[in-house]
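Listed below are the residues making up each chain.
Protein chains: 2
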Amino acid sequence: MKYLLQVDFPHQGPFGEEFTGAFTDLAKDIAEESGLIWKVWTENEATKEAGGIYLFDNLQDAQRYLDKHTKRLESFGYGNIRAKIFNVNEPLSLIDGAKL
Amino acid sequence: MKYLLQVDFPHQGPFGEEFTGAFTDLAKDIAEESGLIWKVWTENEATKEAGGIYLFDNLQDAQRYLDKHTKRLESFGYGNIRAKIFNVNEPLSLIDGAKL
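For the record, the sequence lines run as chains V and W. Count along the first sequence from 1, add 74, and you get the number used in the working numbering. Count along the second sequence from 1, add 74, and you get the number used in the working numbering.
Bear in mind the hints are in silico, worked out from the structure with no lab data behind them. Hints may contain errors.
Treat identical chains as interchangeable: a pair holds within one or across any two.
Only pairs whose alpha carbons sit at most 16 Å apart, straight line, appear in this in silico EDC-like list of lysine to aspartate or glutamate [what the hints assert, rightly or not]:
#1 Lys76 <-> Glu119
#2 Lys76 <-> Glu91
#3 Lys142 <-> Glu106
#4 Lys142 <-> Glu91
#5 Lys102 <-> Glu164
#6 Lys142 <-> Glu107
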């Protein structure tokens with residue numbers, strides 16, 4: 075069973091290339107997280123939000139990572155962090171081309 | 075540029091295999107959507123929610139699909155549909171193994 079973690083929060087910037095530069099080291103660190111299959115980094119300059127969509131291969135690591143990442147985001151000054159963990163319906167997702 | 079659409083809404087069931095059976099035809103239809111790269115189908119029996127995470131190759135199709143899908147969900151009786159569209163930060167996502 076695979077698990078999807080969706081996280082978003084208000085973010086005043088930076089966006090785009092500057093966002094990439096600011097978070098490249100963090101992305102390399104996240105790549106080493108136990109249980110993580112992939113993360114899509116999300117940002118929206120118009121709505122002033124950012125976040126991430128994560129696929130994990132087990133629920134425990136998804137929950138552990140969410141706790142860790144929430145504390146990290148709060149330490150960076152972020153608040154109003156919205157997070158949900160879902161089961162992935164794998165048969166339907168594979169019909170729609172998802173890379174699980 | 076790629077765009078991520080995240081959608082979730084209250085869902086009383088079915089879940090799991092019964093969910094798969096109920097929505098296989100819809101998944102096949104969604105697979106033909108213009109601009110769609112993939113969709114991950116999400117469900118959570120504990121929180122009574124379901125949704126989807128979509129990757130599109132252009133913003134116009136993401137917005138068009140969201141309008142279409144919202145009307146479809148409402149026609150199925152769903153309400154309180156929460157949706158956000160984000161830019162995908164491709165360099166950071168590729169560091170973290172995302173399949174874009």
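A quick look at each hint next to the structure:
{"no.": "1", "hint": "Lys76 <-> Glu119", "in the structure": "between (30 Å within a copy, 14 Å between copies)"}
{"no.": "2", "hint": "Lys76 <-> Glu91", "in the structure": "between (31 Å within a copy, 15 Å between copies)"}
{"no.": "3", "hint": "Lys142 <-> Glu106", "in the structure": "within (14 Å within a copy, 38 Å between copies)"}
{"no.": "4", "hint": "Lys142 <-> Glu91", "in the structure": "neither (26 Å within a copy, 32 Å between copies)"}
{"no.": "5", "hint": "Lys102 <-> Glu164", "in the structure": "between (27 Å within a copy, 14 Å between copies)"}
{"no.": "6", "hint": "Lys142 <-> Glu107", "in the structure": "within (11 Å within a copy, 37 Å between copies)"}
Of the numbered hints stated above, the single one contradicted by the structure is hint 4.
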